Amino acid sequence: QKEVEQNSGPLSVPEGAIASLNCTYSDRGSQSFFWYRQYSGKSPELIMSIYSNGDKEDGRFTAQLNKASQYVSLLIRDSQPSDSATYLCAVNRGNTPLVFGKGTRLSVIA
Amino acid sequence: GAVVSQHPSWVICKSGTSVKIECRSLDFQATTMFWYRQFPKQSLMLMATSNEGSKATYEQGVEKDKFLINHASLTLSTLTVTSAHPEDSSFYICSARRLAGANTQYFGPGTRLTVL
Numbered sequence: 001q002k003e004v005e006q007n008s009g010p011l012s013v014p015e016g017a018i019a020s021l022n023c024t025y026s027d028r029g030s031q032s033f034f035w036y037r038q039y040s041g042k043s044p045e046l047i048m049s050i051y052s053n054g055d056k057e058d059g060r061f062t063a064q065l066n067k068a069s070q071y072v073s074l075l076i077r078d079s080q081p082s083d084s085a086t087y088l089c090a091v092n093r094g095n096t097p098l099v100f101g102k103g104t105r106l107s108v109i110a
Numbered sequence: 001g002a003v004v005s006q007h008p009s010w011v012i013c014k015s016g017t018s019v020k021i022e023c024r025s026l027d028f029q030a031t032t033m034f035w036y037r038q039f040p041k042q043s044l045m046l047m048a049t050s051n052e053g054s055k056a057t058y059e060q061g062v063e064k065d066k067f068l069i070n071h072a073s074l075t076l077s078t079l080t081v082t083s084a085h086p087e088d089s090s091f092y093i094c095s096a097r098r099l100a101g102a103n104t105q106y107f108g109p110g111t112r113l114t115v116l
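These protein sequence lines are chains A and B, in that order.
If you're matching positions, the first sequence starts at 1 in our numbering and goes up one per residue.
If you're matching positions, the second sequence starts at 1 in our numbering and goes up one per residue.
Extracted from the complex, chain A is given alone in its bound form (with noise of 0.2 Å):
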């Protein structure tokens, strides 16, 4: 059974500062990796994708991959209360469907 796994939450950081959200995944053959954010009652939205070991930085998002650690994180900087939220990890190996985690709900407090 392909597993992702996620804290669940609620993380609750202050307006300004880093937020840390982690993910674990069982299938040593991932090859895909996203992250989606999820508004309370919408539909998943993309917000990074990662393939390779290392950072990816998009504005203030920096998705972290580990192959090695199975691990996957993403990072918020400047954390805004529109960014509270439920962040869902996602991974995948060639063709097959994306595997959710059950998300971690965010909560940045102004």
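Source of the hints: derived by calculation from the structure; they are not laboratory data.
This one's a predicted model, so the numbers in the text were calculated from it and none came from an experiment.
Among the clues, some could well be false.
[Claimed, not checked] Derived Cβ-Cβ restraints for the label pairs, each shown as a range:
#1 Gly53(B) - Asn22(A): 32 to 42 Å
#2 Ile12(B) - Asn53(A): 42 to 52 Å
#3 Ala68(A) - Ser18(B): 41 to 51 Å
#4 Arg77(A) - Glu63(B): 37 to 47 Å
[Said to hold, decoys possible] As a list, the in silico SDA-like pairs of lysine to any residue whose alpha-carbon atoms are at most 20 Å apart:
#5 Lys41(B) - Phe91(B)
#6 Lys102(A) - Pro8(B)
#7 Lys41(B) - Ser12(A)
#8 Lys42(A) - Pro40(B)
#9 Lys2(A) - Leu99(B)
#10 Lys41(B) - Asn7(A)
We put the beta carbon where it would ideally sit given N, CA and C, even for glycine.
Based on these hints, arrange chain B on the given structure of chain A.
Frame of chain A; chain B shown alone:
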């Protein structure tokens, strides 16, 4: 961009009726579309994977005769909930993957189904 639309965005129907939900990729061709269901405060649950021109692959526990999926073109997939019952009330979300390039899945805005 990669825009996926869904129609309708919400629907209320009587128990026993059928409801059709459309999923369209607006600015790209999608070889594969996925249908998910999400109950309140729960995680996404993959229902089925559909490839253009072939039968859908259903996940274990999903009744293929109840949830009919048609993927007639590279930009359109439909999900029909047949003989809907109150327990089918949920948030149904489709996602699409491009014909070429990375295997990113792009999500539609979802359809909220309420069965009375």
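Hint-by-hint comparison with the structure:
Here the CB-CB span from Gly53(B) to Asn22(A) is close to 40 Å, well matched to the stated 32 to 42 Å. Between Ile12(B) and Asn53(A) the Cβ separation comes to about 48 Å, which falls inside the hinted range of 42 to 52 Å. Roughly 50 Å separates the CB atoms of Ala68(A) and Ser18(B), a value that falls within the hinted 41 to 51 Å. In this structure the hint that Arg77(A) and Glu63(B) lie 37 to 47 Å apart at CB holds, the actual value being about 46 Å.
Restraint check: the Cα-Cα separation between Lys41(B) and Phe91(B) comes to about 11 Å, which is no more than 20 Å; the hinted pair holds. This hinted pair does not check out: Lys102(A) and Pro8(B) have alpha carbons roughly 26 Å apart, beyond 20 Å. This hinted pair checks out: Lys41(B) and Ser12(A) have alpha carbons roughly 18 Å apart, not beyond 20 Å. The straight-line distance between the Cα atoms of Lys42(A) and Pro40(B) is roughly 11 Å, inside the 20 Å bound, and the hint therefore holds.
Pair hint Lys2(A) plus Leu99(B) does not hold up; C-alpha atoms about 25 Å apart against a cutoff of 20 Å. Between Lys41(B) and Asn7(A), the direct Cα distance comes to roughly 15 Å. Compliance with the 20 Å bound is thereby established for this hinted pair.
Hints 6, 9, counting from the list given before, are not met by this structure.
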